[in-house]
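Chains as they are written, first to last, in this note's numbering: chain H, 617 to 784; chain S, 15 to 524.
If you are wondering where the hints come from, they were derived from the structure by calculation, not from laboratory data.
There is no bait here: all hints are sound.
Sample of chain S residues at the chain H side, in silico, Cβ under 10 Å:
| # | residue |
| --- | --- |
| 1 | 62 |
| 2 | 64 |
| 3 | 182 |
| 4 | 238 |
| 5 | 418 |
| 6 | 420 |
| 7 | 434 |
| 8 | 448 |
| 9 | 471 |
The following label-pair restraints were derived from C-beta to C-beta distances:
| # | chain 1 | residue 1 | chain 2 | residue 2 | range |
| --- | --- | --- | --- | --- | --- |
| 10 | H | 710 | S | 450 | 18 to 26 Å |
| 11 | H | 707 | S | 480 | 56 to 64 Å |
| 12 | H | 686 | S | 517 | 24 to 32 Å |
| 13 | S | 483 | H | 648 | 24 to 32 Å |
| 14 | H | 767 | S | 354 | 23 to 31 Å |
| 15 | H | 702 | S | 522 | 43 to 51 Å |
Glycine included, each C-beta is placed from N, C-alpha and C at the ideal position.
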Amino acid sequence: MSFKKCKDIILGIAMLAFGGVYTYFAQQIRILKINKSFAGYAGARIIPTLLGVLLMVLGLLCLIQGVLKLKKMKNQPKEAFDKAGTMAVVLTFACIVGYIMALPELGFCLSTVLYLFLQMLVMAPKEKRNYALFAIVAVVFTAFVFVAFRIGLTQLLPRGIIESLLGF
Amino acid sequence: MSTLQLIGGGFGTVLTPTGIFLMFIGVAVGIVFGALPGLSATMAIALFLPVTYAMASTDAMTLLMALFIGAISGGLISAILLHIPGTPSSVATCFDGHPLVKKGQAAKALGVGVVFSFIGTVFSTVLLMFIAPEIAKVALNFGQYEFFSIAIFSLTMIATLSSGNVVKGVMSGVIGFMFSTVGTDAIEGVPRFTFEMASLKGGFDMLAVMIGLFAVGEIISAAQESRQPAGELMAQPSMKGIKGFGFTMKEFWGQMVNCIRSGIIGMGIGILPGIGGGTSNVLAYTVAKNSDKHPEEFGTGRIDGLVASETANNATIGGAMVPLLTLGIPGDTTTAMLLGALTLHGLTPGPLLFQNQAEVVYGIFAAMLICSVIMLFMEFFGLRIFVKLLTIPKYILLPCIFVLCGIGAYALKNNMTQVYACLIFGALGFGFKKFDIPSTPFILGFILGPLAESNYRRGMIRTKGSFLPFLQSPIAIVFLAIAAIVLVMAATKPMRAKAKAKKAAAKAAD
Numbered sequence: 617m618s619f620k621k622c623k624d625i626i627l628g629i630a631m632l633a634f635g636g637v638y639t640y641f642a643q644q645i646r647i648l649k650i651n652k653s654f655a656g657y658a659g660a661r662i663i664p665t666l667l668g669v670l671l672m673v674l675g676l677l678c679l680i681q682g683v684l685k686l687k688k689m690k691n692q693p694k695e696a697f698d699k700a701g702t703m704a705v706v707l708t709f710a711c712i713v714g715y716i717m718a719l720p721e722l723g724f725c726l727s728t729v730l731y732l733f734l735q736m737l738v739m740a741p742k743e744k745r746n747y748a749l750f751a752i753v754a755v756v757f758t759a760f761v762f763v764a765f766r767i768g769l770t771q772l773l774p775r776g777i778i779e780s781l782l783g784f
Numbered sequence: 015m016s017t018l019q020l021i022g023g024g025f026g027t028v029l030t031p032t033g034i035f036l037m038f039i040g041v042a043v044g045i046v047f048g049a050l051p052g053l054s055a056t057m058a059i060a061l062f063l064p065v066t067y068a069m070a071s072t073d074a075m076t077l078l079m080a081l082f083i084g085a086i087s088g089g090l091i092s093a094i095l096l097h098i099p100g101t102p103s104s105v106a107t108c109f110d111g112h113p114l115v116k117k118g119q120a121a122k123a124l125g126v127g128v129v130f131s132f133i134g135t136v137f138s139t140v141l142l143m144f145i146a147p148e149i150a151k152v153a154l155n156f157g158q159y160e161f162f163s164i165a166i167f168s169l170t171m172i173a174t175l176s177s178g179n180v181v182k183g184v185m186s187g188v189i190g191f192m193f194s195t196v197g198t199d200a201i202e203g204v205p206r207f208t209f210e211m212a213s214l215k216g217g218f219d220m221l222a223v224m225i226g227l228f229a230v231g232e233i234i235s236a237a238q239e240s241r242q243p244a245g246e247l248m249a250q251p252s253m254k255g256i257k258g259f260g261f262t263m264k265e266f267w268g269q270m271v272n273c274i275r276s277g278i279i280g281m282g283i284g285i286l287p288g289i290g291g292g293t294s295n296v297l298a299y300t301v302a303k304n305s306d307k308h309p310e311e312f313g314t315g316r317i318d319g320l321v322a323s324e325t326a327n328n329a330t331i332g333g334a335m336v337p338l339l340t341l342g343i344p345g346d347t348t349t350a351m352l353l354g355a356l357t358l359h360g361l362t363p364g365p366l367l368f369q370n371q372a373e374v375v376y377g378i379f380a381a382m383l384i385c386s387v388i389m390l391f392m393e394f395f396g397l398r399i400f401v402k403l404l405t406i407p408k409y410i411l412l413p414c415i416f417v418l419c420g421i422g423a424y425a426l427k428n429n430m431t432q433v434y435a436c437l438i439f440g441a442l443g444f445g446f447k448k449f450d451i452p453s454t455p456f457i458l459g460f461i462l463g464p465l466a467e468s469n470y471r472r473g474m475i476r477t478k479g480s481f482l483p484f485l486q487s488p489i490a491i492v493f494l495a496i497a498a499i500v501l502v503m504a505a506t507k508p509m510r511a512k513a514k515a516k517k518a519a520a521k522a523a524d
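Construct the complete structure from the given sequences, taking the supplied hints into account.
Next comes the structure, spelled out in structure tokens:
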């Protein structure tokens with residue numbers, strides 16, 4: 617079964633589960649003794665509980681819609697899997713995660729240069745990959761942003777080896 | 015002294031060489047901050063506040079107002095060109111602005127946005143000059159019941175925004191509301207969904223939500239498109255044959271009703287504390303869409319959507335200044351920052367400010383008008399440069415934009431918490447795209463959820479558990495009734511469409 621055909625079913629189940637977990641944690645919100653008098657109608661749990669239940673109802677509706685749709689789409693042909701596109705998405709997401717994780721460890725300058733270079737490489741079509749241009753853009757842009765924000769506007773940025781060497 | 019004399023005095027106060035210089039610098043920097051996603055009007059004002067310490071109060075407020083106006087207007091540039099709203103105020107600008115760019119009409123889209131941004135600011139400033147104290151008195155009548163009803167009314171707009179699938183639209187709004195409950199409860203002070211993590215106690219910031227949902231989403235989409243031959247097919251913008259702002263006078267006059275209506279919505283929302291431009295642009299867009307003969311054409315590149323969003327978000331500026339100056343109540347984080355600036359310079363906002371410091375107050379109003387004109391000219395001459403941005407390949411432009419987004423998120427608290435949050439919302443945004451869930455209701459739920467919740471709970475505590483007083487307030491009942499009608503109309507829309515189609519088929523058969 618293709619993803620397109622059963623995505624409403626997957627979404628419905630995911631929302632039922634998320635709503636359930638959220639409602640469970642909503643019940644764990646502490647009720648202070650002094651607030652017990654209104655906890656039943658205006659306490660900190662009221663709205664989250666309502667939202668959790670509402671999301672479960674919506675999840676159920678989505679699940680029903682998905683099942684009905686599946687019956688209608690049974691005879692539709694399978695769509696082709698976009699391998700190159702999926703790979704680009706996975707790599708882009710990996711670049712973003714890597715950048716965010718590297719920021720506090722390597723500091724702004726080093727992690728930004730690395731991220732920009734790798735991200736441009738991942739996003740550019742094969743025939744347009746220009747390593748020298750990407751490296752220059754990554755270094756010049758990072759230097760410009762660092763000077764403008766850290767020096768010009770005295771905005772704090774994550775510190776690392778380069779920032780320490782520069783005395784920031 | 016009459017109001018006109020006071021206004022004249024205000025112009026005299028700010029039209030000094032220093033004042034003019036500060037306004038030019040402020041608007042230019044503001045436009046840059048607004049145009050770059052991740053950098054906001056609040057951040058621009060926060061970063062420039064220390065610069066104003068040594069200035070006279072009028073000069074200081076002139077610079078800060080210039081930054082405010084420039085930043086709100088600048089948000090349209092990235093919303094239109096990159097499909098990433100520069101500020102929460104330009105979320106709805108993306109809907110019809112970017113489709114116009116895809117059609118190769120980037121200059122027209124920017125021109126419409128710039129002109130109606132200008133009209134929105136001037137409209138609200140002029141109203142502010144003449145009737146600010148009177149409007150403030152009306153706003154004072156709004157209590158918990160009224161705010162709750164307005165929040166509910168605005169939330170029901172979610173149903174009309176999600177024209178494709180109401181269940182998914184409402185789902186998106188509910189999830190947005192859920193994320194807004196993370197952090198310390200505003201009423202009882204107890205932690206909610208923080209899982210004993212200190213970094214979650216302050217909750218998620220709107221900017222992190224926006225960067226995650228839009229910027230990360232856009233980079234991922236661009237990466238996917240770059241591997242497909244069709245990805246390169248976006249029409250290249252051309253300035254050939256473009257005169258003035260890129261649209262005709264007929265198109266301009268055709269938008270007047272939409273413009274006035276959106277200006278009133280923007281101003282009205284701005285006056286009410288806690289709502290702001292993030293809501294007014296979406297609300298004005300929805301109203302424009304619902305009152306049009308062809309609502310299905312919205313989102314495909316209609317200038318009506320662009321006019322509604324840009325007029326409303328700029329009109330919110332004048333609106334937001336009403337409670338700030340007359341009552342000392344800031345409507346959002348940006349006006350809270352301005353309140354800090356006023357206090358810092360020895361000015362106490364409130365009714366007495368208009369009597370004791372009239373020259374500063376009317377100086378602020380005059381600065382707002384002059385800054386709007388400067389903004390119009392700067393963006394007009396910048397139009398050609400902004401359009402050139404599109405000639406930079408996406409694989410170079412978007413990663414650079416993302417770095418600026420990261421700085422914006424880091425600057426919120428000078429730590430990594432909100433940067434990590436961007437990642438969470440980025441993943442969520444990607445999931446939304448894959449499952450065809452609209453992201454705008456999420457943003458509305460996130461902004462309006464806390465407003466609805468806190469006012470509902472405060473109201474219920476006041477009435478000791480009775481909901482009846484909510485229905486006894488005339489203002490509240492009007493908004494709740496409209497909300498109910500909107501919901502019923504949205505829920506029955508597919509049935510009505512089916513019946514209409516059946517009728518048309520029967521007529522054709524006859």
